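Line by line, the protein sequences give chains A and B.
When you line the first sequence up against the working numbering, it's residues 307 to 498, in that order.
When you line the second sequence up against the working numbering, it's residues 307 to 498, in that order.
Certain hints may be false.
The list treats identical chains as one, so a pair stands whether inside a single copy or across any two.
Said to hold, decoys possible - Here are the simulated DSBU-like cross-link-like pairs (lysine-lysine), alpha carbons at most 30 Å apart as the crow flies: (1) K416 to K396; (2) K372 to K389; (3) K396 to K372; (4) K467 to K433; (5) K469 to K396; (6) K308 to K467; (7) K474 to K492.
Keep in mind the hints are simulated off the structure, nothing from the lab.
Just so it is clear, the structure is predicted and the values come from calculations on it, not from any experiment.
2 protein chains.
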Amino acid sequence: MKERIEMCLSGSGGQGLILAGIILAEAAGIYDGKEAVQTQSYGPEARGGASRSEVVISNGAIDYPKVIKSDILLALTQTACDKYVKNLNKDGILVADSTLVTEVPNISNKIYLFPIAETAQKKFGTKLVTNIISLGIIVGLTEVVSQEAIQKAVCSRVPVKAKEVNEKALLLGFDIAKDLKVKNKKSGNKIN
Amino acid sequence: MKERIEMCLSGSGGQGLILAGIILAEAAGIYDGKEAVQTQSYGPEARGGASRSEVVISNGAIDYPKVIKSDILLALTQTACDKYVKNLNKDGILVADSTLVTEVPNISNKIYLFPIAETAQKKFGTKLVTNIISLGIIVGLTEVVSQEAIQKAVCSRVPVKAKEVNEKALLLGFDIAKDLKVKNKKSGNKIN
Chain A
307 MKERIEMCLS GSGGQGLILA GIILAEAAGI YDGKEAVQTQ SYGPEARGGA SRSEVVISNG
367 AIDYPKVIKS DILLALTQTA CDKYVKNLNK DGILVADSTL VTEVPNISNK IYLFPIAETA
427 QKKFGTKLVT NIISLGIIVG LTEVVSQEAI QKAVCSRVPV KAKEVNEKAL LLGFDIAKDL
487 KVKNKKSGNK IN
Chain B
307 MKERIEMCLS GSGGQGLILA GIILAEAAGI YDGKEAVQTQ SYGPEARGGA SRSEVVISNG
367 AIDYPKVIKS DILLALTQTA CDKYVKNLNK DGILVADSTL VTEVPNISNK IYLFPIAETA
427 QKKFGTKLVT NIISLGIIVG LTEVVSQEAI QKAVCSRVPV KAKEVNEKAL LLGFDIAKDL
487 KVKNKKSGNK IN
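The shape of chain A in the complex, shown without the other chains (with noise of 0.2 Å):
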């Protein structure tokens, strides 16, 4: 893996994208004994609509705590793809929500296309749960902090009562992302 991996958690407030920053963020520096910084950013952009959080993961010290390019695009509105994908690094990847980016960007970057939201209603009765399955969609495809580390860090940060459903929400991306390689590959990288 490289050596820092930024990555940017995008789309509207009350989407959970912050709290999804602070558990990957712990996940890498608590549990995975790596360093990283979780940021966010509020100014005449925030009040525009679309919002975002960003993490820096590193195997060393960080000295730049801000995404410079995106290695990893997650992206929950249309408003929001495309206003980051902009600053997708040319290997990096973009996750999108399907149902919600429609218009998808027309980019050669690997694309991962999924109805996020849409299946969190359908299988927990909940949009709340949207960002931890990104989670899990986002580590199993790429690994960029383990699954063990991420399963603790959502546990330490969700409420006690939502636990249980949290931790169905990130197997659940777990899988998707497996889904998702799997379609990726066969489409030759491009997802219909």
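Chain A is fixed; fit chain B onto it per the hints.
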């Protein structure tokens, strides 16, 4: 006010300092029309027990989002105080919990001591609002963000059922700040 204000909210895990940082940054960046970045870092340091949440607020674009020298340091444990006071600006202020930080550092800065966690427990029957009382004290003392902005940010970030108690905790923090200002003036900026 300075163009760029740097804050370090320090203590131990579970004291709600990440949430406090997010609320401060949202108050500045969403409700006060400034730019704000909120960061937490995980690494060897985080595994040592002292945790911190950093907030940088500026009237202009924020180029470097991490705290270089704190203008405001909140310390809710002795370990955190000992660690992060070294990074306090010479004109910076220290706000510390007087029950949890018993060895007050020998510095020439303005120091404001108050039994924050104990007061949370006594007045609200829970230490969970220690972070929000702390925010009230910081904003009351420094006006780093407007009182209106921090009230809006608290209400938007805490769970609906906990809104009332958190609003009260914030207002209590404002009142404590008023008293601390008077006390600090009387004692010639030296707190007993």
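Q | Broken hints, by number | A | 5 and 6
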